[in-house]
Amino acid sequence: MDRLFQALADATRRDIVARVLVAEYSVSGLAEQYDMSFAAVQKHVAVLERASLVTKEKRGREQIVRGEVEGVQRARRLLDDYERIWRQRVARIEDILAEDEDRN
Amino acid sequence: MAVISAQKDTQELNFRLVAEFDADVKRVWRIWEDPRQLERWWGPPTWPATFDTYDFVPGGRAEYYMTGPDGEKAHGWWRITAIDAPTRLTFDDGFANEDREPMDELGETHAVVTLEDLGGRTRMTLVTGFESLEQLNQMVEMGMEEGLKGALGQVDAILAEQDAAV
Numbered sequence: 001m002d003r004l005f006q007a008l009a010d011a012t013r014r015d016i017v018a019r020v021l022v023a024e025y026s027v028s029g030l031a032e033q034y035d036m037s038f039a040a041v042q043k044h045v046a047v048l049e050r051a052s053l054v055t056k057e058k059r060g061r062e063q064i065v066r067g068e069v070e071g072v073q074r075a076r077r078l079l080d081d082y083e084r085i086w087r088q089r090v091a092r093i094e095d096i097l098a099e100d101e102d103r104n
Numbered sequence: 105m106a107v108i109s110a111q112k113d114t115q116e117l118n119f120r121l122v123a124e125f126d127a128d129v130k131r132v133w134r135i136w137e138d139p140r141q142l143e144r145w146w147g148p149p150t151w152p153a154t155f156d157t158y159d160f161v162p163g164g165r166a167e168y169y170m171t172g173p174d175g176e177k178a179h180g181w182w183r184i185t186a187i188d189a190p191t192r193l194t195f196d197d198g199f200a201n202e203d204r205e206p207m208d209e210l211g212e213t214h215a216v217v218t219l220e221d222l223g224g225r226t227r228m229t230l231v232t233g234f235e236s237l238e239q240l241n242q243m244v245e246m247g248m249e250e251g252l253k254g255a256l257g258q259v260d261a262i263l264a265e266q267d268a269a270v
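Sequence order for the protein chains is A and B. Position 93 of the first sequence, counted from 1, bears residue number 93 in the working numbering, the numbering being contiguous throughout. With the second sequence counted from 1, adding 104 to any position gets you the working numbering.
Any given hint could turn out to be false.
Claimed, not checked - Once the Cα atoms are required to be at most 16 Å apart in a straight line, the calculated EDC-like pairs of lysine to aspartate or glutamate come out as: (1) B:Lys177 to B:Glu205; (2) B:Lys177 to B:Glu143; (3) A:Lys56 to A:Glu24; (4) A:Lys58 to A:Glu70; (5) B:Lys177 to B:Glu202; (6) B:Lys130 to B:Asp188; (7) B:Lys112 to A:Asp100; (8) B:Lys177 to B:Asp203; (9) B:Lys177 to B:Glu167; (10) B:Lys112 to A:Asp80; (11) B:Lys130 to A:Asp100; (12) B:Lys177 to B:Asp156; (13) A:Lys56 to A:Glu70; (14) A:Lys43 to A:Glu32; (15) B:Lys130 to A:Glu62; (16) B:Lys112 to A:Glu32; (17) A:Lys43 to B:Glu116; (18) B:Lys130 to B:Glu205.
Just so you know, these hints were derived from the structure itself, not from any lab. Only a predicted model underlies this, so the values are computations on that prediction, with no experimental measurement involved.
Chain A extracted, bound-state conformation (with noise of 0.2 Å):
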């Protein structure tokens, strides 16, 4: 059950993101696209500025939902150093566990 709900909510993440990538969107036009409660969105649409994904900005009484082009690259960018940091990582470990090979 928790699994399916983390899966649920990465999905209604990714898609927020994808829809306002391409257009802006206000909270409550959000949780009307989704099965689920204002507050649920707007917790989902907090967890995605927090890691710079979206930005929010109030305009009168509605909160309006933008996708932040470039952190989403710079998110992409940094993982792909994180791999390599852990590809490294992986290459001397098998160096490491080579030796006992060698000792035996």
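With chain A fixed as given, assemble chain B onto it according to the hints.
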């Protein structure tokens, strides 16, 4: 090929790596359990890591630093959150200042390592979750030779800001 796959989620800010090694699970566990082995692979060759505190029990802490070519040091810490030897380790990982005090404003990452027996070989899966882009940026700089100098400069800048604020 030791690395089987790497998945990156820009929305959730997490990273998942699967690697396979020609060694059994108990042997691969030791590269995490034994700090002398861990410090041989955690940092890049030009910035080797030294783990001088390593309390490898649930709730235990580790303190480490990475030493650069000019003797400069970058400090970090781990908080071990769960251990199920020899197949599962979870820990939080963050930065520390030169007095080894955790720098909470930089956040922490949450890592889950699982080891799985493949008939004598081992599959290692690592999942790391980041709290923010800034923190991912800092982690990347801390892990890369080119980035470490810059990361230290930023730490200095943050410390200077704190001093100025006092």
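Hints not upheld, ascending by number | 4, 7, 15, 16 and 18
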